[in-house]
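K.L.:
Here are the chains, one letter per residue:
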Amino acid sequence: MNINTKAKVKRGIWNIFKYFTLILGAFISVLPLVSCVITAFKTEEEYASTNVMQLPSSWLYFDNFIQAFKQANMGLAFRNSILIMVVVLFGSILTGAMLAYVLNRFKFPGNGLIRNAFLFASLLPGIAMQVSVYQIMYSLHLINSLPGYMILMMGTDVISIYIFIQFFENISVALDESAIMDGCTYFGVFFRILLPLLKPAIVTVMILKGVGVYNEYYTANLYLQDKNKFVTVATSLFKFTGPLGNQYNYICAGVIITMLPALIVFIACQKQIYSGLTQGAVKG
Amino acid sequence: MGETRKRNCFVKWISSGKVNKRLCIVTFMFFPLLLLLVFTYIPFFKMFQFSFYDMKYIGSREFVGFENYINVFKRDDCFRALALCGYYIVASFIQLGLALYFASVLSFKVKGGGIFKGLMFFPFLVCGIAVGFVFKFFYTRGFVLDTVLQWIGFELDNLPYWLRDSSINNASLAASSIWRYMGQNMVLFIGAIMSVDSSLYEAAAIDGATGWHKFRYIIFPSIKTIIVLNMILSITGSLSVFEPPYVITGGSFGTSTYFVIMNKLAHENQKVGLASAMAIVLLLIILLATAAQKLGFKYFFGDGEEEAIRTRRKREKARREQA
Numbered sequence: 001m002n003i004n005t006k007a008k009v010k011r012g013i014w015n016i017f018k019y020f021t022l023i024l025g026a027f028i029s030v031l032p033l034v035s036c037v038i039t040a041f042k043t044e045e046e047y048a049s050t051n052v053m054q055l056p057s058s059w060l061y062f063d064n065f066i067q068a069f070k071q072a073n074m075g076l077a078f079r080n081s082i083l084i085m086v087v088v089l090f091g092s093i094l095t096g097a098m099l100a101y102v103l104n105r106f107k108f109p110g111n112g113l114i115r116n117a118f119l120f121a122s123l124l125p126g127i128a129m130q131v132s133v134y135q136i137m138y139s140l141h142l143i144n145s146l147p148g149y150m151i152l153m154m155g156t157d158v159i160s161i162y163i164f165i166q167f168f169e170n171i172s173v174a175l176d177e178s179a180i181m182d183g184c185t186y187f188g189v190f191f192r193i194l195l196p197l198l199k200p201a202i203v204t205v206m207i208l209k210g211v212g213v214y215n216e217y218y219t220a221n222l223y224l225q226d227k228n229k230f231v232t233v234a235t236s237l238f239k240f241t242g243p244l245g246n247q248y249n250y251i252c253a254g255v256i257i258t259m260l261p262a263l264i265v266f267i268a269c270q271k272q273i274y275s276g277l278t279q280g281a282v283k284g
Numbered sequence: 001m002g003e004t005r006k007r008n009c010f011v012k013w014i015s016s017g018k019v020n021k022r023l024c025i026v027t028f029m030f031f032p033l034l035l036l037l038v039f040t041y042i043p044f045f046k047m048f049q050f051s052f053y054d055m056k057y058i059g060s061r062e063f064v065g066f067e068n069y070i071n072v073f074k075r076d077d078c079f080r081a082l083a084l085c086g087y088y089i090v091a092s093f094i095q096l097g098l099a100l101y102f103a104s105v106l107s108f109k110v111k112g113g114g115i116f117k118g119l120m121f122f123p124f125l126v127c128g129i130a131v132g133f134v135f136k137f138f139y140t141r142g143f144v145l146d147t148v149l150q151w152i153g154f155e156l157d158n159l160p161y162w163l164r165d166s167s168i169n170n171a172s173l174a175a176s177s178i179w180r181y182m183g184q185n186m187v188l189f190i191g192a193i194m195s196v197d198s199s200l201y202e203a204a205a206i207d208g209a210t211g212w213h214k215f216r217y218i219i220f221p222s223i224k225t226i227i228v229l230n231m232i233l234s235i236t237g238s239l240s241v242f243e244p245p246y247v248i249t250g251g252s253f254g255t256s257t258y259f260v261i262m263n264k265l266a267h268e269n270q271k272v273g274l275a276s277a278m279a280i281v282l283l284l285i286i287l288l289a290t291a292a293q294k295l296g297f298k299y300f301f302g303d304g305e306e307e308a309i310r311t312r313r314k315r316e317k318a319r320r321e322q323a
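From first to last, the protein sequence lines stand for chains A and B.
FYI, the numbering for the first sequence is 1 to 284, going by my numbering.
FYI, the numbering for the second sequence is 1 to 323, going by my numbering.
Simulated from the structure, these hints should not be mistaken for lab results.
Some clues are possibly wrong.
Now the in silico label distances, taken between C-beta atoms and shown as ranges [stated by the list, open to error]:
| hint | chain 1 | residue 1 | chain 2 | residue 2 | range |
| --- | --- | --- | --- | --- | --- |
| 1 | B | Phe-66 | A | Arg-192 | 40 to 48 Å |
| 2 | B | Glu-316 | A | Val-203 | 26 to 34 Å |
| 3 | B | Asp-207 | A | Ile-264 | 23 to 31 Å |
| 4 | A | Leu-197 | B | Phe-66 | 16 to 24 Å |
| 5 | B | Leu-229 | A | Glu-45 | 50 to 58 Å |
| 6 | A | Leu-113 | B | Glu-316 | 16 to 24 Å |
| 7 | B | Ile-70 | A | Ile-264 | 30 to 38 Å |
| 8 | B | Lys-294 | A | Ile-23 | 49 to 57 Å |
| 9 | B | Gly-113 | A | Ile-264 | 48 to 56 Å |
| 10 | B | Phe-66 | A | Phe-62 | 15 to 23 Å |
| 11 | B | Lys-224 | A | Val-203 | 27 to 35 Å |
From the three backbone atoms N, C-alpha and C, an ideal C-beta is built for every residue, glycine too.
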């Protein structure tokens, strides 16, 4: 009896502690973003006169969003970003899957070497590489060129290759062999049989890489310098660094506009994002 | 007639097994390898070459031998900036600890578990530059953080300037990095914990194991590998930390990390040679650190099927003592 109540008290305390920490963790995670939302709905006078954590007088005041959208040229930014994402995702998924197919299905001298070459490439810190990549892009006349930036972003990353290789490992080779027996070429095997089976892996890579491309601001800022023509959603925010540097009612509105697509994708595809991350990390 | 027969021959030859296979290998690998070469390996060797020159992106260059490397160690702002990575290493260990805790809690039935998980993970999906603005706003004097601290009883006058006071600003920046990446680590750990055979937990529950026992004897051993891997990644990541200072303070008030300085030297001051030398030096350090950690990892935990060198030594020693 006594032991039982003791255990119960212990469990009760643990439960309280558990939920307390969870709520605290969630609170800290959303606090910076929520404060942004609050500020984005305030008029200029309200922003100047009230505390940042005081709720806005109206949740229907959308002027800041409209202003931010216009000032940062976000219409064009969304168009550019979507175009970049479509091309980059299509290109990198196709090439990534083809590479994974070759590396997984064929034994040839250099197979291991190529795998290691990709692994080693992932060790090189990206920011440092841009010092000399910039020079190469410059000599290829690919600065301020949308196609040039797309090709750069297509550079196949190790994680998506690993996700594809892992997936190929789980597809029986017997399937390929029987197709070959029936007179199918190796190209046919890939495009007609394996690629359709690869759909779940493609969705995973699409989400992971898509979020990465959408959020990329460093290389976009470096290689798409003409902000009047080649602004992307991420780089459109640089507009707020200059003289607008402390007009947080606009800045917050801009931040929220850029965040919305990520939020929608997250709510819609939570499961794929989680499993994609886990898959990518286990091997990578 | 001859033409078509020739073409038929060609088609046959092309689709015959061996040739077809080779053709497939070559065409499928051409584009990815070209990209790898042009955007990774050629820049890598170019960077190595640049590091021996005094040069800008355009214009003449002059061979200077090892002068750039000497400068990396001599200049006040280059090599010493690596000291800042201490803040980020500490932060990343706190981050792993928190992630491990939340992952173990959320792997079991918790009311609203999915929501907690989602809220803590979402910061990972926010664009880096947006994170910069959010935290500039968050840390501004009298704004979000100060307000919340005042709610729980702090006086504004006793609070530091989070981004200006050089005794605290690096910690503030490192904290923003915890905020951003903790959820991602947590999701990884949850994935690892979920892959543990669930019958183990049931058996443990029958044996009357408490939550702590479950963590200590089932969860922890089975995800040890992924924890250590993440620790290795977080050390190399801390050496090359760039984003938090770049987007939040721009490197002012003594928050410039090694890469922020390198970036400035390369793209603002156009000292491409020096920046390349900095990159090569850090790259060597990262490679050394990775190799050392891999060896250490092998020593303590073994490599795949192989058992850890330490346990093997222990056993051999015990056997010798017995004999």
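K.L.:
Hint by hint, note whether the structure agrees.
P.N.:
Right, here's what the structure says about each hint:
1. B:Phe-66 <-> A:Arg-192: 40 to 48 Å: Given range 40 to 48 Å: violated, Cβ gap about 57 Å.
2. B:Glu-316 <-> A:Val-203: 26 to 34 Å: Since the Cβ atoms of Glu-316 (chain B) and Val-203 (chain A) sit about 50 Å apart, the hinted range of 26 to 34 Å is violated.
3. B:Asp-207 <-> A:Ile-264: 23 to 31 Å: With Cβ atoms ~46 Å apart, the hint is violated.
4. A:Leu-197 <-> B:Phe-66: 16 to 24 Å: At 54 Å between Cβs, range violated.
5. B:Leu-229 <-> A:Glu-45: 50 to 58 Å: holds, 53 Å
6. A:Leu-113 <-> B:Glu-316: 16 to 24 Å: 36 Å Cβ-Cβ, so the 16 to 24 Å window is violated.
7. B:Ile-70 <-> A:Ile-264: 30 to 38 Å: violated, 53 Å
8. B:Lys-294 <-> A:Ile-23: 49 to 57 Å: Taking Cβ atoms as reference, Lys-294 (chain B) and Ile-23 (chain A) lie about 39 Å apart, which means the hint is violated.
9. B:Gly-113 <-> A:Ile-264: 48 to 56 Å: violated, 22 Å
10. B:Phe-66 <-> A:Phe-62: 15 to 23 Å: Since Phe-66 (chain B) and Phe-62 (chain A) have Cβ atoms about 59 Å apart, the given range 15 to 23 Å is violated.
11. B:Lys-224 <-> A:Val-203: 27 to 35 Å: holds, 31 Å
Violated hints, listed in ascending order, are 1, 2, 3, 4, 6, 7, 8, 9, 10; each of the other numbered hints is respected by the structure.
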